[in-house]
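Full structure from sequences and hints, please.
Protein chains in written order, with the numbering used here: chain A, 1 to 482; chain H, 1 to 482.
I should point out that these hints are in silico values taken from the structure, not numbers from a laboratory.
Incorrect hints may appear among the rest.
[To be verified] List time: in silico SDA-like cross-link candidates among lysine to any residue, alpha-carbon distance up to 20 Å:
(1) H:LYS338 x A:ALA301
(2) H:LYS373 x A:GLY258
(3) H:LYS373 x A:SER306
(4) H:LYS373 x A:ALA257
(5) H:LYS338 x A:LYS338
(6) A:LYS338 x H:SER179
[What the hints assert, rightly or not] Beyond 10 Å from chain H on every Cβ pair, some chain A residues (computed):
(7) TRP57
(8) PRO127
(9) SER160
(10) ALA257
(11) GLU324
(12) LYS348
(13) GLU421
Cβ atoms here follow ideal geometry from the backbone N, Cα and C, with glycine treated the same way.
Number of protein chains: 2
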Amino acid sequence: MSAPDETVIDDARRDAVRAYLEAHASEFVAQLSEWLRIPSIWTDPARHDDVQRSAQWLSDALRSTGFPTVEVWNAGSDGTGAPAVFAEWPAGVSGAPTVLVYGHHDVQPVDPEELWSFAPFDPMVVPGPDGDRLLGRGASDDKGQVFYHLLGLQANLAVSGRSSPPVNLKLLIEGAEESGSPGFPELLLERKDRLACDVIVVSDTGMYGGGTTTACVGMRGLTDCQIDLHGPDVDLHSGSFGGAVPNPLTVLAHLLAGLHDDEGRITLKGFYDSIRPLTDRERALIARLPFDESAWLATAASRAASGEVGYSTLERVWVRPTCEIHGVWGGYTGPGHKTIVPTDAHAKVSFRLVADQEPLDVQAAFRDYIKAKVPDGITADVHFFGEGVRPYLVPLDDPALQAVSRSLARAFDDEVLYTREGGSGPEADIARILHAPLMFLGVGLPTDRIHAPDEHAVVPLLLKGAEAVAYLWDELAASQST
Amino acid sequence: MSAPDETVIDDARRDAVRAYLEAHASEFVAQLSEWLRIPSIWTDPARHDDVQRSAQWLSDALRSTGFPTVEVWNAGSDGTGAPAVFAEWPAGVSGAPTVLVYGHHDVQPVDPEELWSFAPFDPMVVPGPDGDRLLGRGASDDKGQVFYHLLGLQANLAVSGRSSPPVNLKLLIEGAEESGSPGFPELLLERKDRLACDVIVVSDTGMYGGGTTTACVGMRGLTDCQIDLHGPDVDLHSGSFGGAVPNPLTVLAHLLAGLHDDEGRITLKGFYDSIRPLTDRERALIARLPFDESAWLATAASRAASGEVGYSTLERVWVRPTCEIHGVWGGYTGPGHKTIVPTDAHAKVSFRLVADQEPLDVQAAFRDYIKAKVPDGITADVHFFGEGVRPYLVPLDDPALQAVSRSLARAFDDEVLYTREGGSGPEADIARILHAPLMFLGVGLPTDRIHAPDEHAVVPLLLKGAEAVAYLWDELAASQST
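Below you can see the structure in the form of structure tokens.
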């Protein structure tokens with residue numbers, strides 16, 4: 001919950017920003033629509049030229065906005081990776097903080113295209129229940145959210161009368177985020193001097209929806225693996241051998257069932273030791289979010305909620321680590337019956353992590369668990385898919401978060417509550433490589449249908465995003481200088 | 001362990017039987033070889049004529065032996081099922097017990113035929129480590145074991161000088177045992193008046209091997225099922241929903257892991273209540289069988305033995321009920337990873353049962369277990385494959401078993417120990433339909449390669465089978481009349 005009275009944006013400034021945005025709204029939508037016509041799908045090699053065109057379009061727009069430095073950086077050591085757009089505009093005053101804005105200009109594929117009710121790359125505006133909607137792939141994820149940064153900066157400059165932003169502003173707009181960002185961490189490492197900053201602002205997330213003004217403050221981490229158990233070297237007749245040799249499927253069931261205790265807690269040794277405690281304030285703020293469990297269950301297509309004892313549904317998916325089984329297989333799985341003791345059993349298992357759990361520590365604890373529980377006669381192989389993804393969490397008392405909250409509160413005339421994402425992204429690694437705290441500023445909605453047919457953005461929310469940006473650089477400059 | 005001094009076969013009779021068998025051994029092998037040339041594979045519709053020819057061949061052989069009644073009964077209500085051969089020869093004295101011998105004249109398929117080192121239907125005799133071997137499909141399972149009944153009876157009659165057997169002798173030799181006996185229970189029910197008997201003798205099993213003389217006294221029962229669990233109606237993103245809705249794979253792991261306690265005992269309510277206690281004598285006799293665990297493990301291709309605490313390996317597979325998982329599947333099972341909470345989870349599970357557990361009681365207990373353990377939000381469907389197979393057990397003090405043991409002890413000049421089969425067969429139902437105790441008299445060896453390429457029988461053992469038969473009718477007549 002922000003304290004609106006700390007804002008450096010007075011009412012006159014606010015009114016002027018709003019007038020500016022209102023005056024430029026049509027042009028904003030028209031220009032964004034032009035960008036949305038470019039099908040910048042990096043996953044499809046046939047679209048790589050379009051991704052380059054998209055980078056070029058953005059570069060031109062940034063130059064028109066006034067950025068003195070605009071460069072296209074191709075990811076990958078041979079320079080044939082996706083084009084990221086880098087832009088930089090130093091502050092007009094010395095001692096100003098440096099901000100790096102992260103977003104992406106590539107978009108998800110559109111198949112199956114027949115499920116769209118409009119042409120995904122022929123954007124148009126239609127009325128919606130929450131104001132005009134801009135229809136088109138990328139409208140919400142993420143071109144719309146990148147483009148309001150340009151409008152927000154223009155409003156800031158026009159209204160303040162300054163010729164440079166109040167912070168040293170850098171933008172890095174990636175070109176292959178929807179393909180898992182190949183080569184991007186390496187690009188960050190290589191260019192980390194040019195990307196040096198005091199705070200990172202990611203505009204690639206959303207709000208809670210239902211008219212509640214929120215800022216995201218965390219993502220869960222992830223590490224996942226496959227377990228392969230081997231028992232007898234041949235399938236055995238269960239009449240002749242059943243009950244007298246270890247059955248790998250029975251062992252697998254014990255291993256998987258033993259991962260949770262009766263209260264839904266994960267049993268790996270030391271698993272909870274490094275978790276940053278949930279503060280009473282964090283908990284109280286989550287509890288203030290309007291939550292309709294039956295609507296949530298309908299979205300999940302599940303008949304019940306369940307999980308760790310002592311936590312609400314939102315807490316279970318946001319602030320608590322979890323362990324899920326994604327697949328199991330082994331033995332006879334065809335029609336009818338075949339009474340064997342099978343040779344093998346397999347499972348895929350993941351752990352979602354919260355700050356400050358380390359994926360590699362969890363991997364080690366899981367290996368120890370398997371080693372201790374697998375009986376004689378069964379061999380176990382555990383293969384983790386990579387080193388995992390670290391969780392990321394912004395403390396509520398972080399000054400940069402408070403600046404984000406004040407900007408949102410001013411833009412939305414509302415108090416700001418806090419959400420988290422249950423999923424996992426590269427934020428922790430970006431923050432770690434660039435040695436800077438990372439904030440989320442996003443105005444997408446859960447109903448925007450990102451990654452799905454009929455993606456759209458709510459135009460008034462994009463404009464609120466621009467408004468928050470118009471305030472944020474002043475709020476950040478003020479918070480850094482105090 | 002039999003008491004050899006109770007036998008009614010004196011040494012003179014024994015010597016005469018052995019002389020008879022020695023004199024007729026070549027003819028026995030020659031005739032059996034003729035029968036083995038008929039590829040009576042009921043599973044292959046193209047071989048149905050051969051199965052009819054096999055029935056005809058046996059009928060002729062039974063008539064030549066002297067059976068006054070020989071009939072072919074086709075199974076199935078329309079008479080197009082496999083031909084069983086029925087033969088009957090009343091005792092020469094009134095008040096004699098009635099014995100029904102069961103065996104089968106159909107054989108297993110021979111594919112892959114390229115793995116045979118000889119032609120499966122071109123039988124021949126070759127020297128082996130345990131005496132001459134008769135090579136050919138059906139030599140051990142089960143034509144060889146049926147045919148020694150004819151030779152044994154001829155020896156009994158020739159040596160005793162009687163013109164009829166000392167018991168009312170009936171034979172029922174089935175034609176589709178290797179196909180799961182379709183229509184056979186119905187045939188038993190329809191003809192149960194003609195099949196009425198005081199004791200049933202099944203010659204379709206083997207001995208322990210390694211030179212130990214044994215009689216089988218039991219088979220385990222079986223009931224098996226498929227469990228289908230359904231959770232969310234769509235695969236869910238484990239970041240957004242993981243940890244807050246029940247995961248059917250986690251529930252499945254708990255259900256399957258909970259079937260055994262820490263001592264390897266099955267946890268279903270009342271599961272052990274109806275088990276006939278293992279007597280000290282039964283246990284001591286099993287312990288006397290030579291058992292080489294490392295050799296057993298090599299056969300199992302398993303690296304360890306394990307199972308219910310307090311029982312030996314042989315006890316675990318013979319005298320204790322077990323529960324095995326035969327297959328599990330659900331969720332994502334392809335390469336790499338896909339972090340979902342899946343919609344469904346499946347498993348195939350069986351229970352092997354021992355006397356006097358009832359398959360339908362176990363099915364009910366399992367359904368109760370599933371119902372009690374499945375949490376809200378998961379639906380469970382349990383489908384049992386049929387009504388299951390009842391276990392069968394012969395008490396060691398059964399007079400008919402003692403007669404079988406005395407016959408074997410006399411034939412092998414050895415004490416008789418007792419084995420069981422861990423697998424499951426129709427014996428309990430045959431005994432139940434015909435209201436008579438059922439005994440096993442078999443001389444197959446574990447090394448006979450039944451159901452596999454290179455099936456063979458050990459000729460001296462087939463002759464020992466004939467010798468035991470030559471004594472058994474007198475032993476049974478004597479035991480029934482006392």
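Hints, one by one, checked against the model:
no., hint, result
1, H:LYS338 x A:ALA301, "holds (19 Å)"
2, H:LYS373 x A:GLY258, "holds (15 Å)"
3, H:LYS373 x A:SER306, "holds (14 Å)"
4, H:LYS373 x A:ALA257, "holds (13 Å)"
5, H:LYS338 x A:LYS338, "violated (29 Å)"
6, A:LYS338 x H:SER179, "holds (15 Å)"
7, TRP57, "holds (31 Å)"
8, PRO127, "holds (29 Å)"
9, SER160, "holds (40 Å)"
10, ALA257, "violated (4 Å)"
11, GLU324, "violated (4 Å)"
12, LYS348, "violated (6 Å)"
13, GLU421, "violated (7 Å)"
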